[in-house]
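Asker: Each chain, letter by letter, is given below.
Protein chains: 2
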Amino acid sequence: MLKNLPLEKVYQFIEPGPVVLLTTAAPEAPPDIMTMSWHMMMDFEPPLIACVVSGGNHSFAALTKTKECVIAIPDIDLAEVTTAIGNCTGRTVDKFDKFHLTAAAGNEVAAPLIAECFVNLECRVVDTRFVKKYNMFVLECVAAWINPAKAKAKTIHHRGYGEFSVDGEIIKLKSKMR
Amino acid sequence: MLKNLPLEKVYQFIEPGPVVLLTTAAPEAPPDIMTMSWHMMMDFEPPLIACVVSGGNHSFAALTKTKECVIAIPDIDLAEVTTAIGNCTGRTVDKFDKFHLTAAAGNEVAAPLIAECFVNLECRVVDTRFVKKYNMFVLECVAAWINPAKAKAKTIHHRGYGEFSVDGEIIKLKSKMR
Numbered sequence: 001m002l003k004n005l006p007l008e009k010v011y012q013f014i015e016p017g018p019v020v021l022l023t024t025a026a027p028e029a030p031p032d033i034m035t036m037s038w039h040m041m042m043d044f045e046p047p048l049i050a051c052v053v054s055g056g057n058h059s060f061a062a063l064t065k066t067k068e069c070v071i072a073i074p075d076i077d078l079a080e081v082t083t084a085i086g087n088c089t090g091r092t093v094d095k096f097d098k099f100h101l102t103a104a105a106g107n108e109v110a111a112p113l114i115a116e117c118f119v120n121l122e123c124r125v126v127d128t129r130f131v132k133k134y135n136m137f138v139l140e141c142v143a144a145w146i147n148p149a150k151a152k153a154k155t156i157h158h159r160g161y162g163e164f165s166v167d168g169e170i171i172k173l174k175s176k177m178r
Numbered sequence: 001m002l003k004n005l006p007l008e009k010v011y012q013f014i015e016p017g018p019v020v021l022l023t024t025a026a027p028e029a030p031p032d033i034m035t036m037s038w039h040m041m042m043d044f045e046p047p048l049i050a051c052v053v054s055g056g057n058h059s060f061a062a063l064t065k066t067k068e069c070v071i072a073i074p075d076i077d078l079a080e081v082t083t084a085i086g087n088c089t090g091r092t093v094d095k096f097d098k099f100h101l102t103a104a105a106g107n108e109v110a111a112p113l114i115a116e117c118f119v120n121l122e123c124r125v126v127d128t129r130f131v132k133k134y135n136m137f138v139l140e141c142v143a144a145w146i147n148p149a150k151a152k153a154k155t156i157h158h159r160g161y162g163e164f165s166v167d168g169e170i171i172k173l174k175s176k177m178r
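Heads up: the protein sequence lines correspond to chains A and B, in order. The letter at position 17 of the first sequence is residue 17 when you use the numbering used here, and the numbering goes up by one with no holes. The letter at position 110 of the second sequence is residue 110 when you use the numbering used here, and the numbering goes up by one with no holes.
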């Protein structure tokens, strides 16, 4: 069961740099999923997230057209599915079907949540000025969801060519940083 | 001893989302260091990196003025120093001196490398159009260095309020992703 995640906490899940899944829903086609590692926080609240989506990607067209997406964060249990999603294209494959993932309806956008992911962020594109030159979109997160059963989820971080580091030890240091 | 890192490999160290240190060297002041977690890759080669630097930060002024910086990647051995650097300001503190770090000269920019870090990326600001609205700089990495003695360095990832995940297990999955 997904629970509401306060928007002010969204950065805590993006800032560590995990591999994420981006869903889109273009009209008259099954919703698509892509694997993404080029993203960062731009502001705390409302949460702004920058991401780079390759222009050759099937998701690029849907994102450009609908201006909506969901960033879903997979944990280590979904590592193989996450790379497999990155290895095929939504042009020819219905990825929710092929990878037995559950598309759940969000509150704010038409793009689906991925029920198996431990965090889902409903996002709207709010700035496209860097799309032409860098394929970079600025997203505002307008609703966020967390699966409380996976509070200790370990995420994966891409180091190139299918090598990933998995979250290890958690340390707490004296910090004034938010 | 630092060794040249081919520019095509730079993304492998930024894409996993580690906390990094950003050095700048404004004229007539000691070089400064800040701690940074809001950054992402924008292109492979030449490597383009986007980063967000708070406008209130001492480094923001130096970066705006000199258009040069170094992104230095600390490993777990520097975790406490990394948070301590984030807890004080270069306005009143000479951070290289206070934290006993070694400023090393780069080849391309005046901002210093941090010899204790396992990767150092010399960068130039190449696009400032998103600075005014988002405090976002686009950097091009023009030279890169790695410490071969720290090939297995574990990095840290910020989860908010001084909590960090440390790189754990490394897994290799069948991936067509670069």
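Just so you know, these hints were derived from the structure itself, not from any lab. Don't take every hint at face value.
The list makes no distinction among identical chains, and a pair is therefore deemed to hold if it is satisfied within one copy or across any two copies.
Below, computed lysine to aspartate or glutamate pairings styled on EDC-like, alpha-carbon distance capped at 20 angstroms [claimed, not checked]:
1) K154 with E169
2) K133 with D94
3) K174 with E80
4) K174 with E163
5) K65 with E45
6) K176 with E163
7) K98 with E8
8) K9 with E140
9) K150 with D94
10) K152 with E108
11) K150 with E28
12) K176 with E116
13) K154 with D127
14) K133 with E28
15) K152 with E116
16) K150 with D127
17) K154 with E15
18) K172 with E80
19) K133 with E116
Asker: Each hint needs a verdict: does it hold in this structure or not?
Answerer: Status of the hints after comparison with the structure:
no. : hint           : in the structure
1   : K154 with E169 : both (10 angstroms within a copy, 11 angstroms between copies)
2   : K133 with D94  : neither (30 angstroms within a copy, 38 angstroms between copies)
3   : K174 with E80  : between (36 angstroms within a copy, 8 angstroms between copies)
4   : K174 with E163 : between (31 angstroms within a copy, 9 angstroms between copies)
5   : K65 with E45   : neither (25 angstroms within a copy, 28 angstroms between copies)
6   : K176 with E163 : between (33 angstroms within a copy, 11 angstroms between copies)
7   : K98 with E8    : neither (34 angstroms within a copy, 33 angstroms between copies)
8   : K9 with E140   : within (14 angstroms within a copy, 31 angstroms between copies)
9   : K150 with D94  : neither (26 angstroms within a copy, 43 angstroms between copies)
10  : K152 with E108 : neither (27 angstroms within a copy, 43 angstroms between copies)
11  : K150 with E28  : neither (33 angstroms within a copy, 51 angstroms between copies)
12  : K176 with E116 : neither (34 angstroms within a copy, 23 angstroms between copies)
13  : K154 with D127 : neither (31 angstroms within a copy, 35 angstroms between copies)
14  : K133 with E28  : neither (29 angstroms within a copy, 36 angstroms between copies)
15  : K152 with E116 : within (14 angstroms within a copy, 32 angstroms between copies)
16  : K150 with D127 : neither (32 angstroms within a copy, 40 angstroms between copies)
17  : K154 with E15  : both (14 angstroms within a copy, 17 angstroms between copies)
18  : K172 with E80  : between (30 angstroms within a copy, 10 angstroms between copies)
19  : K133 with E116 : neither (34 angstroms within a copy, 35 angstroms between copies)
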